[in-house]
Amino acid sequence: PRLKPALRCRMSGKEVLSKEDRGKDNPAPDAYHYDYPRLCYHADAAFHATLTDLYDKELPPSGDEVRVLDLCSSWVSHYPSERQWGRVDGLGLNREELLKNPLLDFFQVRDLNQNRTLPYPDSVFDAVTCALSFQYMQYPEEVVAELSRVMKPGGVAVVSFSNRMFPSKAIYAWKQRSDGQRLELIKNYFKTSPSFPSPEGVDKTTPLHALSYLSAMTLGYTLCGDPFLAVVARKS
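Each residue of the sequence shown is one higher than the one before, starting from 1 at the first, in this note's numbering.
Simulated from the structure, these hints should not be mistaken for lab results.
Careful: at least some of the hints might be erroneous.
[To be verified] Taking lysine-lysine pairs in the PhoX-like style, the calculated list, with each CA pair at most 25 Å apart, reads:
1. Lys175 with Lys191
2. Lys24 with Lys191
3. Lys169 with Lys152
4. Lys19 with Lys152
5. Lys57 with Lys191
All chains, please: the whole structure from these sequences, using the hints.
Structure follows, in structure tokens:
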């Protein structure tokens, strides 16, 4: 029988986060936070353009046999417009947002902090994307274990983030780290699985981004756009 992701993580001894790291200011289930649609953008246009460029570089070419999963999906996925795949699945928290996403062929609603298993067979996805959402995951090691299970050998996972978040819903381990440390944190999540031995970081931040974050906190305006960071992990 298939081992549950939590058991696989405990058996490997590769949990990255402590119990305290997984805590949140608002411990209520995330489904309550997303019980109404948020039909807005969670980063600026430059971030989304950079994300699309990264997808264009890293995701598979068009093909009827290609299957892609958008994890923590919403009403927009930022995939290259010319890319055509056989099937795109979405997994997210709000049904109305997912219904409005024109790129999704199928979707399911699931709170990954309550149920870390992914509702898909083994080795079906050529690529998985997750944008601006890993900061909310309380059990990311288990999610990575599930990604390893549902991805095909040679498949690619692209996880992107910025410095934006809902502070009450982000885990403490995320809030206590800088952007660079968060990049390493996600890489370490992937390294808990032997399927992802060499995750790579993409860091397009500059010193101006750090100053911009401080100006936003103290003066109420930013000096430049949102920083862009991502981790690209290929299944061996």
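Hints, verified against the model:
Distance restraint check for Lys175 and Lys191: the Cα-Cα separation of roughly 21 Å lies within the 25 Å cut-off, and the hinted pair is therefore satisfied. Between Lys24 and Lys191, the direct Cα distance comes to roughly 24 Å. Compliance with the 25 Å bound is thereby established for this hinted pair. Proposed proximity of Lys169 and Lys152 is contradicted: the alpha carbons are some 31 Å apart, above 25 Å. Between Lys19 and Lys152 the CA atoms are separated by roughly 31 Å; this puts the pair beyond 25 Å, and the hint is violated.
Distance check on the hinted pair: Lys57 and Lys191 sit about 22 Å apart at the alpha-carbon level, within 25 Å; holds.
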